[in-house]
Amino acid sequence: MADRTPIVHSSTVPGGVTQLRSASSQASLVESARKGAIYERSLQRKRGEVSESVMALVICEAVQYLQKQAKGIADLEDRLNRLGYHMGQRVLELITLREGKSAKRETKVLGILQFIHTMVWRTLFGRPADALERSTEDTNQYMIIDNDPLITRFISVPKDMAQLNCAAFAAGIIEAVLDASLFTAKVTAHTMGTPQTPDKTVYLVQFESLR
Amino acid sequence: MSKVRSVGEEVWKHKTDKINSELLTLTYGSIVAQLVADFDHDYAKVNKQLDKMGYNIGLRLIEELLAKTGLPRCQNFRDTAEAVAKVGFKMFMNITPTISNWSVDSKQFSLVFTENPLAEFVELPDKPNARDLWYSNIYAGVIRGALEMVQLQVEAEFVSDAVQDPSLPTEIRVRLVKVLEDEIPPGED
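Protein sequence lines, in the order shown, are assigned to chains R and H.
For the first sequence, the working numbering gives the first residue as 1, with consecutive numbering after it.
For the second sequence, the working numbering gives the first residue as 1, with consecutive numbering after it.
Hints listed in this document are in silico derivations from the structure and should not be mistaken for laboratory results.
Relax, there's no trap hidden among the hints.
Simulated pairs of lysine-lysine, DSS-like, Cα-Cα distance not exceeding 25 Å:
| # | chain 1 | residue 1 | chain 2 | residue 2 |
| --- | --- | --- | --- | --- |
| 1 | R | K200 | H | K18 |
| 2 | H | K45 | R | K68 |
| 3 | H | K18 | H | K68 |
| 4 | R | K104 | R | K186 |
| 5 | H | K45 | R | K71 |
| 6 | R | K68 | H | K52 |
| 7 | H | K52 | R | K71 |
| 8 | H | K48 | R | K68 |
| 9 | H | K48 | R | K71 |
Chain H residues, not near chain R, derived (Cβ > 12 Å throughout):
| # | residue |
| --- | --- |
| 10 | Y43 |
| 11 | P72 |
| 12 | D79 |
| 13 | Q151 |
| 14 | V179 |
For each residue, glycine too, the CB sits at the ideal point set by N, CA and C.
Please build the complete structure, drawing on both the sequences and the hints.
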């Protein structure tokens with residue numbers, strides 16, 4: 001810490017009466033100036049592509065690691081959900097910053113769900129999700145449907161863990177985006193395979209009932 | 001050796017299914033953050049776990065590399081370095097690190113990265129010991145795992161990382177320990 005010289009611009013300290021910034025925040029400003037480079041880079045620049053195999057293997061390692069700690073299938077899904085949650089918070093931030101002035105805070109349920117279905121999915125997976133539906137039985141329940149989720153494309157679930165769906169990871173992403181937009185919901189992933197789309201996954205969005 | 005480069009580029013262009021690199025960046029970041037929390041900021045342990053994950057990934061990536069490129073066996077460790085940088089990193093991460101700092105006996109080299117998709121958006125926290133974290137240590141494990149499958153026992157470790165200090169390059173040092181003998185695979189029983 002000793003090598004950091006606090007920078008005080010006299011012009012930013014009005015009349016020398018109130019010092020606007022504490023010494024510690026000045027120190028961290030100097031620190032971030034040193035690391036700086038990352039803030040100079042444009043967020044608009046798209047970052048290119050990598051091989052899908054790498055992504056599949058990284059997810060595979062993450063699942064194995066979490067599985068060793070998990071106490072059961074539900075717990076493993078919870079842990080995957082949390083991993084995705086961390087990511088969802090950052091995805092929302094990234095998209096919002098990229099939109100800049102045209103960014104808009106969604107205040108309607110349908111608006112935010114469409115945002116996830118289209119913008120979030122396109123940013124992460126390169127295409128919108130396949131459908132967005134509302135449950136006929138429960139008006140607080142919506143479904144985002146992906147016919148071929150990238151995350152689970154190379155995962156085969158053993159028979160004794162049939163209920164497991166590793167797309168819980170993506171459910172976590174959705175949950176984080178909803179929470180951050182103040183639409184508290186519980187999101188779970190369910191496999192609803194059909195002969196044409198064996199990996200079809202339904203993300204069940206359960207909003208809290210208003211009453 | 002320009003032939004090796006074109007092999008890497010060819011596979012990347014025509015034989016690789018690609019995804020948006022930000023998906024990987026964010027996923028990897030989430031995993032590292034989870035590890036840091038799980039190991040309670042013991043960065044030596046986090047480094048080790050990332051290396052282990054990379055090792056498992058390397059064991060499998062090498063198969064894809066050999067299947068898609070049909071590269072012949074490397075004649076010496078210099079060929080190996082070329083294959084790692086210009087084919088391996090190219091076809092999986094779409095980057096080509098520079099090979100430099102060969103040791104006199106040609107058993108050690110450095111890979112220097114000017115770009116690193118894993119570390120986009122990454123800033124380490126201000127905690128003093130956060131500098132013990134090798135954020136992209138998974139690469140070191142991948143190199144170790146992949147080369148072990150082609151009978152090369154190596155050590156790979158980060159020397160410096162631009163994530164820690166942007167004035168330094170991101171550099172991985174790779175050391176050949178020994179060439180493993182072909183072993184008869186263990187029987188089924």
